[in-house]
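K.L.:
Same order as they appear, the protein sequences are chains H and L.
Here the numbering used here runs 96 ahead of the position in the first sequence, where the first position is 1.
Here the numbering used here runs 21 ahead of the position in the second sequence, where the first position is 1.
Hints should not be assumed to be uniformly reliable.
Stated by the list, open to error - Pairwise CB distance ranges, derived in the manner of DEER restraints:
1) L:Lys395 x H:Phe193: 41 to 51 Å
2) L:Gly406 x H:Gln126: 45 to 55 Å
3) L:Asp361 x H:Val149: 31 to 41 Å
4) H:Gln126 x L:Asp361: 47 to 57 Å
5) L:Gly406 x H:Asp160: 47 to 57 Å
6) L:Lys395 x H:Lys163: 45 to 55 Å
7) H:Ser114 x L:Asn265: 33 to 43 Å
8) L:Lys395 x H:Ser249: 53 to 63 Å
9) L:Gly406 x H:Lys121: 31 to 41 Å
10) L:Asp361 x H:Gly167: 26 to 36 Å
11) H:Ile178 x L:Gly406: 52 to 62 Å
12) H:Lys121 x L:Lys395: 51 to 61 Å
As the list claims (entries may be wrong) - Calculated lysine to aspartate or glutamate pairs in the DMTMM-like style (CA-CA distance at most 25 Å, straight line):
13) L:Lys233 x L:Glu143
14) L:Lys365 x H:Glu221
15) L:Lys74 x H:Asp168
16) L:Lys226 x L:Glu143
17) L:Lys321 x H:Glu120
18) H:Lys121 x L:Glu143
19) H:Lys163 x L:Glu282
20) H:Lys128 x L:Glu282
21) H:Lys128 x L:Glu143
22) L:Lys395 x H:Asp168
23) L:Lys370 x H:Glu263
24) H:Lys121 x L:Asp388
25) L:Lys365 x H:Asp123
26) L:Lys384 x H:Glu221
27) H:Lys163 x L:Glu143
28) L:Lys365 x H:Glu120
29) L:Lys392 x H:Asp168
30) L:Lys392 x H:Glu221
31) L:Lys384 x H:Glu116
32) L:Lys365 x H:Asp262
33) H:Lys121 x L:Glu389
34) L:Lys370 x H:Asp231
35) L:Lys300 x L:Asp318
36) L:Lys395 x H:Glu120
37) L:Lys392 x H:Asp204
38) L:Lys384 x H:Asp168
39) L:Lys306 x H:Asp204
40) L:Lys384 x H:Glu269
These aren't lab readings, by the way, just hints derived from the structure by calculation.
We put the CB at the ideal spot given by N, CA and C, even for glycine.
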Amino acid sequence: MKNPVLALTLLMLSCSDSDEFGSEKSDVIQLKGISYYTPRANELYLYEDLRLVNSENSVPFRLDSAKYYLGDYFWIIDSDTIRSNKNPHRASYGEHFVKLVLIDVYGDTLSDSITVRLNEQLRIELLSPIDGFSDFSKTDSLEFRYKIGGVDSWEQASSFVYVSTDENSLWKEENILPDNILKPPLDDIYFWGVKAFTEQDTVFSKRCIGKFC
Amino acid sequence: MKKILLLTLIASMANSAPLFMLNMESDIDSSISALWENSIMQILKEAAFEPVKIDPEHFAKCENIECAISAARVSGAQGLFRGRLRAEGKDSVSVRLCIDWLAGSSNPQTDVQGIAPLAWDETIKSGIILKLLSGITGKNADIENVRNKNTVISVETNPEYAVVMLNGNAVCQAPCAFSDSSSMAQISAYWQSGDNLWAAKTMVKLGNDTVKVFLELKRSFAGTEIRTNPDNASVFTADILDINSKAIGKTPYNMQGLPGETQIRLFRKGYNDTLLNVKIDALEKQIQFVQLTPITDPQKISEQNLLVKSQNKKDIGLGLLGGSTGPLAAGILLCILAQDDYQKARNIKRELEYPSFGGENFKAKIDENHKAVKNGNLKTGVGAGLIGLSLLLAGIGFTMSF
Numbered sequence: 097m098k099n100p101v102l103a104l105t106l107l108m109l110s111c112s113d114s115d116e117f118g119s120e121k122s123d124v125i126q127l128k129g130i131s132y133y134t135p136r137a138n139e140l141y142l143y144e145d146l147r148l149v150n151s152e153n154s155v156p157f158r159l160d161s162a163k164y165y166l167g168d169y170f171w172i173i174d175s176d177t178i179r180s181n182k183n184p185h186r187a188s189y190g191e192h193f194v195k196l197v198l199i200d201v202y203g204d205t206l207s208d209s210i211t212v213r214l215n216e217q218l219r220i221e222l223l224s225p226i227d228g229f230s231d232f233s234k235t236d237s238l239e240f241r242y243k244i245g246g247v248d249s250w251e252q253a254s255s256f257v258y259v260s261t262d263e264n265s266l267w268k269e270e271n272i273l274p275d276n277i278l279k280p281p282l283d284d285i286y287f288w289g290v291k292a293f294t295e296q297d298t299v300f301s302k303r304c305i306g307k308f309c
Numbered sequence: 022m023k024k025i026l027l028l029t030l031i032a033s034m035a036n037s038a039p040l041f042m043l044n045m046e047s048d049i050d051s052s053i054s055a056l057w058e059n060s061i062m063q064i065l066k067e068a069a070f071e072p073v074k075i076d077p078e079h080f081a082k083c084e085n086i087e088c089a090i091s092a093a094r095v096s097g098a099q100g101l102f103r104g105r106l107r108a109e110g111k112d113s114v115s116v117r118l119c120i121d122w123l124a125g126s127s128n129p130q131t132d133v134q135g136i137a138p139l140a141w142d143e144t145i146k147s148g149i150i151l152k153l154l155s156g157i158t159g160k161n162a163d164i165e166n167v168r169n170k171n172t173v174i175s176v177e178t179n180p181e182y183a184v185v186m187l188n189g190n191a192v193c194q195a196p197c198a199f200s201d202s203s204s205m206a207q208i209s210a211y212w213q214s215g216d217n218l219w220a221a222k223t224m225v226k227l228g229n230d231t232v233k234v235f236l237e238l239k240r241s242f243a244g245t246e247i248r249t250n251p252d253n254a255s256v257f258t259a260d261i262l263d264i265n266s267k268a269i270g271k272t273p274y275n276m277q278g279l280p281g282e283t284q285i286r287l288f289r290k291g292y293n294d295t296l297l298n299v300k301i302d303a304l305e306k307q308i309q310f311v312q313l314t315p316i317t318d319p320q321k322i323s324e325q326n327l328l329v330k331s332q333n334k335k336d337i338g339l340g341l342l343g344g345s346t347g348p349l350a351a352g353i354l355l356c357i358l359a360q361d362d363y364q365k366a367r368n369i370k371r372e373l374e375y376p377s378f379g380g381e382n383f384k385a386k387i388d389e390n391h392k393a394v395k396n397g398n399l400k401t402g403v404g405a406g407l408i409g410l411s412l413l414l415a416g417i418g419f420t421m422s423f
């Protein structure tokens, strides 16, 4: 009499095993990191490295298709929350905090953040002597003055003044004017220029002075 | 035929030995009780018996009537006379007379009962004493037929169509008429609707050719309370007692029913079964007292023990059979609840098929799934155990019951 009951119990218990979830079979979403690209001024392209990993393989996927797997996601750029994955994002020059927050269907969150630096283009503004200046007789020395712009806070900029009577050889190292003062100016034509550079950029600017310019 | 032979035997025994008389039980006026006792003694003497009034102290050592009968037999009495008078309404008295005849090895008993007027002169006129005594002694020759004239009794009731009873026996449905030759008659009527009973009764003096009786029925809660000594005897219907007999109650037992006479059987371990005539009055609550007699015969004791044992076994079996439904129901309920847990686990498992980060909420869901399965397993295990237990109990109960 007991055997059928025992058999029934074992049957029911064995069926119940199939209702138990084994975590080893589940797919796990991994966020390996985020990256960015700034091809043009004020344009920020953001990319995420997402993987769907299980015991057998690891498949990359885009955030655009993550709606099938995720409950929600959003980007945070500085203090702005952006619920879109549409590139490019508009961003000004400077340093920005970028964070990607993912929320799965269970309400768990996963995030990664980076600091994005949008470089301002390095530029040189030559101040004096002005273009075409030729009255050397009234002075026994010429001071070359210029201004460098677009140096970001995280950048270190260097610059040199070059002076030569030959335009083609202006940017040679021996033409660097250490104290930016030429004395006395004896020739009728001079080419002078400034080379400014940072780790990322190098820019040049030149002028011609003298009566034969 | 047996009764005639018995009465013949009794008659032949007269004058051979004294007939012991116990004091009559009575709840009526003591002077009328004394008149009854004296008259009975006188009539018995005239019928050639030797009635001897026995002081109760003669049977002081006896706790029951069986012992008193044995003691009377030892004393050489030819019989033991007992009587009882009970007030029956305002104007009448219920009489019961009984003699245990002590000749031979057995104790044959003669027993009569009737209704008599409460007034002594009416009792004498009715000749009921002679009628009753002839019933238990078999001496009809001395009965004086004081009345042989029939009186037509016409009965009407409100409401109509009530059952009309003459001296406790149903005779017709009102309005109706019937005749009787006695000097007094108890006319009662009852009308039943569902569980409710309306009844009325009256005593009528019969002397004229016609008597008209009108009974206004009132709500009746009458019944007869059966008391025994010792009490706690099981009350059965009058059928033969076997292991399938089902007790309808225990004494003291309040018997309800339609007015009239019915039979019940009283059973108590160690005592003889007693088949009892119970009279239910239309209007008044009655108390009927029964002295149970102990069994002395070893074979009877053995048979009764066997019956009791069989009944107990059957009762235990039925108890187990009935008791098995509890675990069965609980077991089935647990199994059903277990299925709910499994369903919950399945639903969670389905949810868990979505990819996750493996975070806290995901782990909590897995724990919830595992807990549901664990609960289901526990309930299934306990439920199946209870079902198994109930089957075991039912099997044992069935084997013991049938």
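K.L.:
Next step is simple, just say for each hint if it's right about the structure.
P.N.:
Hint-by-hint comparison with the structure:
1. L:Lys395 x H:Phe193: 41 to 51 Å: holds, 46 Å
2. L:Gly406 x H:Gln126: 45 to 55 Å: Distance hint for L:Gly406, H:Gln126 holds at roughly 46 Å.
3. L:Asp361 x H:Val149: 31 to 41 Å: With Cβ atoms ~35 Å apart, the hint holds.
4. H:Gln126 x L:Asp361: 47 to 57 Å: violated, 36 Å
5. L:Gly406 x H:Asp160: 47 to 57 Å: holds, 55 Å
6. L:Lys395 x H:Lys163: 45 to 55 Å: violated, 35 Å
7. H:Ser114 x L:Asn265: 33 to 43 Å: Distance hint for H:Ser114, L:Asn265 is violated at roughly 52 Å.
8. L:Lys395 x H:Ser249: 53 to 63 Å: holds, 60 Å
9. L:Gly406 x H:Lys121: 31 to 41 Å: Holds: the Cβ-Cβ distance is about 33 Å, inside 31 to 41 Å.
10. L:Asp361 x H:Gly167: 26 to 36 Å: Taking Cβ atoms as reference, L:Asp361 and H:Gly167 lie about 28 Å apart, which means the hint holds.
11. H:Ile178 x L:Gly406: 52 to 62 Å: Cβ of H:Ile178 to Cβ of L:Gly406: about 60 Å, so the range 52 to 62 Å holds.
12. H:Lys121 x L:Lys395: 51 to 61 Å: violated, 19 Å
13. L:Lys233 x L:Glu143: holds, 20 Å
14. L:Lys365 x H:Glu221: Roughly 74 Å separates the two Cα atoms, so the pair is violated.
15. L:Lys74 x H:Asp168: violated, 112 Å
16. L:Lys226 x L:Glu143: holds, 9 Å
17. L:Lys321 x H:Glu120: violated, 79 Å
18. H:Lys121 x L:Glu143: Given pair H:Lys121, L:Glu143 is violated - Cα atoms ~108 Å apart, limit 25 Å.
19. H:Lys163 x L:Glu282: violated, 90 Å
20. H:Lys128 x L:Glu282: violated, 101 Å
21. H:Lys128 x L:Glu143: violated, 123 Å
22. L:Lys395 x H:Asp168: It is violated: about 33 Å lies between the C-alpha atoms, which goes past 25 Å.
23. L:Lys370 x H:Glu263: The given pair, whose Cα atoms are some 78 Å apart, is violated under the 25 Å limit.
24. H:Lys121 x L:Asp388: holds, 16 Å
25. L:Lys365 x H:Asp123: holds, 22 Å
26. L:Lys384 x H:Glu221: violated, 62 Å
27. H:Lys163 x L:Glu143: violated, 112 Å
28. L:Lys365 x H:Glu120: holds, 21 Å
29. L:Lys392 x H:Asp168: Violated - the C-alpha atoms of H:Asp168 and L:Lys392 are around 28 Å apart, more than 25 Å.
30. L:Lys392 x H:Glu221: violated, 74 Å
31. L:Lys384 x H:Glu116: holds, 13 Å
32. L:Lys365 x H:Asp262: Roughly 88 Å separates the two Cα atoms, so the pair is violated.
33. H:Lys121 x L:Glu389: Holds, at about 17 Å.
34. L:Lys370 x H:Asp231: Answer violated: L:Lys370 to H:Asp231 is near 90 Å, above 25 Å.
35. L:Lys300 x L:Asp318: Since the Cα atoms of L:Lys300 and L:Asp318 sit roughly 31 Å apart, the hinted pair is violated (cutoff 25 Å).
36. L:Lys395 x H:Glu120: Holds, at about 19 Å.
37. L:Lys392 x H:Asp204: holds, 21 Å
38. L:Lys384 x H:Asp168: holds, 19 Å
39. L:Lys306 x H:Asp204: Violated, because 82 Å separates the two Cα atoms, which is more than 25 Å.
40. L:Lys384 x H:Glu269: violated, 67 Å
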